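Engineer: One-letter residues, chain by chain:
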Amino acid sequence: MSDVIVTRLPNDVGGLSAAPIDQSDHVLAPWEKRCHALADVLDFHKLINTEEKRRGVEALGSEIVGKLSYYERWAVAFANILFQKGVLTPEDLAKRMREVERRLAAERGDSPGAGI
Amino acid sequence: MTEARTNRGHDHDHGDPHAPIVADGQPSYYEIMETAIRELLVERGHFTAAEIHRQIDLLDSRTPALGAAIVARAWTDPAFKVRLLADGRATVEDLGISFYDDTGLVVLENTPEVHHLIVCTLCSCYPRPVLGLPPEWYKLKPYRARAVAEPRSVLAEFGTVLPDEVEIQVHDSTSMARYLVLPRRPDGSDHLSEAELAALVTRDAMIGVRLVELPQGSRS
Amino acid sequence: MAETETSHDSPFAHVVLATGEAVVFAPGDRVRVDDRKPVGHYRVPTYLRGKTGTVECVYLPAQLNNEEEGFGRNGGAKRHYYRIGVPMTEIWPAYAGSPQDSLRIEVFEGWLERIGA
Numbered sequence: 001m002s003d004v005i006v007t008r009l010p011n012d013v014g015g016l017s018a019a020p021i022d023q024s025d026h027v028l029a030p031w032e033k034r035c036h037a038l039a040d041v042l043d044f045h046k047l048i049n050t051e052e053k054r055r056g057v058e059a060l061g062s063e064i065v066g067k068l069s070y071y072e073r074w075a076v077a078f079a080n081i082l083f084q085k086g087v088l089t090p091e092d093l094a095k096r097m098r099e100v101e102r103r104l105a106a107e108r109g110d111s112p113g114a115g116i
Numbered sequence: 001m002t003e004a005r006t007n008r009g010h011d012h013d014h015g016d017p018h019a020p021i022v023a024d025g026q027p028s029y030y031e032i033m034e035t036a037i038r039e040l041l042v043e044r045g046h047f048t049a050a051e052i053h054r055q056i057d058l059l060d061s062r063t064p065a066l067g068a069a070i071v072a073r074a075w076t077d078p079a080f081k082v083r084l085l086a087d088g089r090a091t092v093e094d095l096g097i098s099f100y101d102d103t104g105l106v107v108l109e110n111t112p113e114v115h116h117l118i119v120c121t122l123c124s125c126y127p128r129p130v131l132g133l134p135p136e137w138y139k140l141k142p143y144r145a146r147a148v149a150e151p152r153s154v155l156a157e158f159g160t161v162l163p164d165e166v167e168i169q170v171h172d173s174t175s176m177a178r179y180l181v182l183p184r185r186p187d188g189s190d191h192l193s194e195a196e197l198a199a200l201v202t203r204d205a206m207i208g209v210r211l212v213e214l215p216q217g218s219r220s
Numbered sequence: 001m002a003e004t005e006t007s008h009d010s011p012f013a014h015v016v017l018a019t020g021e022a023v024v025f026a027p028g029d030r031v032r033v034d035d036r037k038p039v040g041h042y043r044v045p046t047y048l049r050g051k052t053g054t055v056e057c058v059y060l061p062a063q064l065n066n067e068e069e070g071f072g073r074n075g076g077a078k079r080h081y082y083r084i085g086v087p088m089t090e091i092w093p094a095y096a097g098s099p100q101d102s103l104r105i106e107v108f109e110g111w112l113e114r115i116g117a
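Line order of the protein sequences matches chains A, B and C. Following the numbering used here, the numbering of the first sequence begins with 1 at its first residue and continues without gaps. Following the numbering used here, the numbering of the second sequence begins with 1 at its first residue and continues without gaps. Following the numbering used here, the numbering of the third sequence begins with 1 at its first residue and continues without gaps.
Heads up, some of the hints might be wrong.
Claimed, not checked - Result set (DSSO-like, lysine-lysine): computed pairs, CA atoms no more than 30 Å apart in a straight line:
{"id": "1", "chain 1": "C", "residue 1": "Lys37", "chain 2": "A", "residue 2": "Lys67"}
{"id": "2", "chain 1": "A", "residue 1": "Lys53", "chain 2": "C", "residue 2": "Lys51"}
{"id": "3", "chain 1": "C", "residue 1": "Lys78", "chain 2": "A", "residue 2": "Lys46"}
{"id": "4", "chain 1": "A", "residue 1": "Lys46", "chain 2": "C", "residue 2": "Lys37"}
{"id": "5", "chain 1": "B", "residue 1": "Lys139", "chain 2": "C", "residue 2": "Lys37"}
{"id": "6", "chain 1": "B", "residue 1": "Lys139", "chain 2": "A", "residue 2": "Lys85"}
{"id": "7", "chain 1": "A", "residue 1": "Lys46", "chain 2": "B", "residue 2": "Lys139"}
Hints listed in this document are in silico derivations from the structure and should not be mistaken for laboratory results. None of these values were measured; they are calculated from a predicted model.
Isolated chain A, as found in the complex (with noise of 0.2 Å):
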């Protein structure tokens, strides 16, 4: 039956066996707001409406939806829709991050970090 690889997606939870609920509070770090924030202008623009956004995520497929957080899960999945549409390119983005994890190294006082 590996049809339902494609017919019940990642997200589609409702029913399935599940733990205790954990009822912790998580304080969002304030990139999360900011990815927040980015996906309500982005809907309102409809660069990326919200649901593409949660096709976008769906689309991680559930190993990636299962390991990554709520906002990690936006995140690629904002950069996966804009490759698509054109509006932004894989180079574009690889480029960016570089800039972006050196300037915030440097701005730490770090030295430049090896990752991106």
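Place chains B and C on chain A using the hints.
Structural biologist: Chains B and C only, in chain A's frame:
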């Protein structure tokens, strides 16, 4: 996929501190990605940085205190309650609370016969204009998976046990309507002012997972 | 959408509406949710497919079908969607709560089929 979902795949589905955002002062890969996307789109004129800042201010201004004030108004002003139940969005907008998107607002009144419970099984639809951003548990698999299938055991985990004669009505948000529960006003609260009543109304009560109760020993 | 004049005497009786303009279901109608299995994106959860319920209200105005909106359609034809009520025992045969417990959910008309008379 089925295995990934029923086991750790989705149990891991959260935004909790397991993935420290800035554990040691360093931004995460995803934070850098969000910053880069936002900067590129601003530079290319799709929107302005001021719009993002404005939206952050908007999000900060939307908290459960707004919903609580609406509930207390409905408890003390019968005409307001009638309007609120008939057209949630327009009535809330009249208070100066904007809806910044096309979502509607349906206010559901708990009664001795019916108790309402709100969930979004497919994502995390929530009445953000009047309650702010949802709690973490509302967005995670355990609540979303179980609230539609075993609402009474979910309610019990929140300490809410209702007799079988009370109908539990679960509302799964899937489209443009957003739901706000109008909880039952607690017995013995006649002497309280509107502001004092609002202070009793919790976010969880407006989602429907808890009841509104008077503090111990404060019954008149 | 208020009552429309349907009397044959009405000067407006012959007006034809475009596809999708008329509200299809009324409160109290018995409906079955289609059991189709779309890929890509959907807004009708798997647990509801094939289940039988009762229309409680129509939401107005009509909206873009959110399953198309998910692929970037931001305007154009709208469709009506409805709040339907479904007993928990209809959805979950082994439901452990009270038999009067129920679900309310919004479903676009393209997913609904009228049943009974």
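Engineer: Going back to the hint list, which numbers does this structure go against?
Structural biologist: As far as the earlier hints go, not one is violated by this structure.
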